[in-house]
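Number of protein chains: 2
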Amino acid sequence: MKPRKIRAVVLLSGGVDSTTCLALAASKGREVYAISFDYGQRHRAELAAARRVARQIGCRQHRVVRVEVPGAGASALTNRAIGVPKRKSRAAIPVTYVPARNALFLAHALSWAESIGAFEIWIGANVVDYSGYPDCRPAFLRTFERMANLGTKAGTEGSRFRIVAPLLRMRKIEIIRLGLRLGVDYASTLSCYDPSPRGRPCLRCDSCRIREKAFKNIE
Amino acid sequence: MKPRKIRAVVLLSGGVDSTTCLALAASKGREVYAISFDYGQRHRAELAAARRVARQIGCRQHRVVRVEVPGAGASALTNRAIGVPKRKSRAAIPVTYVPARNALFLAHALSWAESIGAFEIWIGANVVDYSGYPDCRPAFLRTFERMANLGTKAGTEGSRFRIVAPLLRMRKIEIIRLGLRLGVDYASTLSCYDPSPRGRPCLRCDSCRIREKAFKNIE
Chain A
-11 MKPRKIRAVV LLSGGVDSTT CLALAASKGR EVYAISFDYG QRHRAELAAA RRVARQIGCR
49 QHRVVRVEVP GAGASALTNR AIGVPKRKSR AAIPVTYVPA RNALFLAHAL SWAESIGAFE
109 IWIGANVVDY SGYPDCRPAF LRTFERMANL GTKAGTEGSR FRIVAPLLRM RKIEIIRLGL
169 RLGVDYASTL SCYDPSPRGR PCLRCDSCRI REKAFKNIE
Chain D
-11 MKPRKIRAVV LLSGGVDSTT CLALAASKGR EVYAISFDYG QRHRAELAAA RRVARQIGCR
49 QHRVVRVEVP GAGASALTNR AIGVPKRKSR AAIPVTYVPA RNALFLAHAL SWAESIGAFE
109 IWIGANVVDY SGYPDCRPAF LRTFERMANL GTKAGTEGSR FRIVAPLLRM RKIEIIRLGL
169 RLGVDYASTL SCYDPSPRGR PCLRCDSCRI REKAFKNIE
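First to last, the sequence lines map onto chains A and D. The opening residue of the first sequence carries number -11 in our numbering; numbering runs sequentially from there. The opening residue of the second sequence carries number -11 in our numbering; numbering runs sequentially from there.
Calculated from the structure, these hints are not laboratory results. There's no promise every hint is true.
[As the list claims (entries may be wrong)] Short derived list, chain A residues pointing at chain D, Cβ under 10 Å:
(1) Ile23
(2) Gly71
(3) Pro87
(4) Ala95
(5) Ser99
(6) Phe128
Even glycine gets a Cβ: it sits at the ideal position worked out from N, Cα and C.
Hey, can you work out the whole structure from these sequences and the hints?
Here it is as structure tokens:
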């Protein structure tokens, strides 16, 4: 009898980091359950990218979950009355920050994980190229993990959830090199915060800029 | 100029505990933002109760947020194929446990709280009469609070979120006595896990049983 594969829920936005994270989980032999979020983001085109890469890399299941983010009004990503900055921002935490987004996303992932007996939750969070978001920081992820083990049935009955963030301290260029080694087709991904309705990147927002710079340096 | 009232987001299911918690927050002079969740619960009639008590007690705002709970299939509250137990259960954690429910609910509350500058999140969690749910335990709530302060813009920029759980160690009968002193109309509340479509309680589930016993002992 073949041993059962370790199950992992992987957060997948369809951008460079989460796609690389998904490819890495698959390459490590995980049975992968990808989860994406439809949360009223202006870059909803990323969900098409998420579907593409989920198909290319191969997942046991890919769910797109609707999330009504109560604090959506405060972010440029979810409130069209606030513009996405098109030049380098000097704010410590950018206006694209969505209140408690990763707490929300990880809580959804945790709920699914517990119900299918997956004790790893993979997230492509990264603090090097883009350290502005508080909910990507190591201390936040560590504390979420502790909370997950205290607040779930599985966690209190002896299983142990782990938040796996393998890209946390990698530079964007290293992430892309890793993905290329794993066979990721980055043409399928979308990083832009403010794409055209058909998913064409603006090439001017922070997220586009960081991505383009990394790809240029790789060539 | 009158000083601005302290804002509080209060989780409101429409049952005895959350209603008392709401009344307490209001009595302490908080400007109250109540939040309820439509998550596919079989006792969706509780939302009508939540609307009633929110109106009676008075809230600055009451939001009902839709939540797609990814682990819903695992719980008797959200999967109609699983029956709600109608006698005293001996399981440590009952089948009505919903994977990561309070992590999900609190994350939604946190997102709203951050966007409106509310730094208190009140929850009617209680460990005395009904200690089965891991996501009602003090250590879980404490760790969620820590996570909230690490993973938000406000939390990392000097504000401090607090999870306020004033009923945590009270017995049900004490909770009801407190509510009665505050003028709560418990006839408006609904505690049942398995009510009729019109909201008539079954009087046999755990939640009904605990409620009835407390009211009987008060008379």
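Each hint tested on the structure:
1. Ile23: holds (7 Å)
2. Gly71: violated (18 Å)
3. Pro87: Status holds, d = 4 Å.
4. Ala95: holds (4 Å)
5. Ser99: Constraint on A/Ser99 satisfied, holds at 4 Å.
6. Phe128: holds (4 Å)
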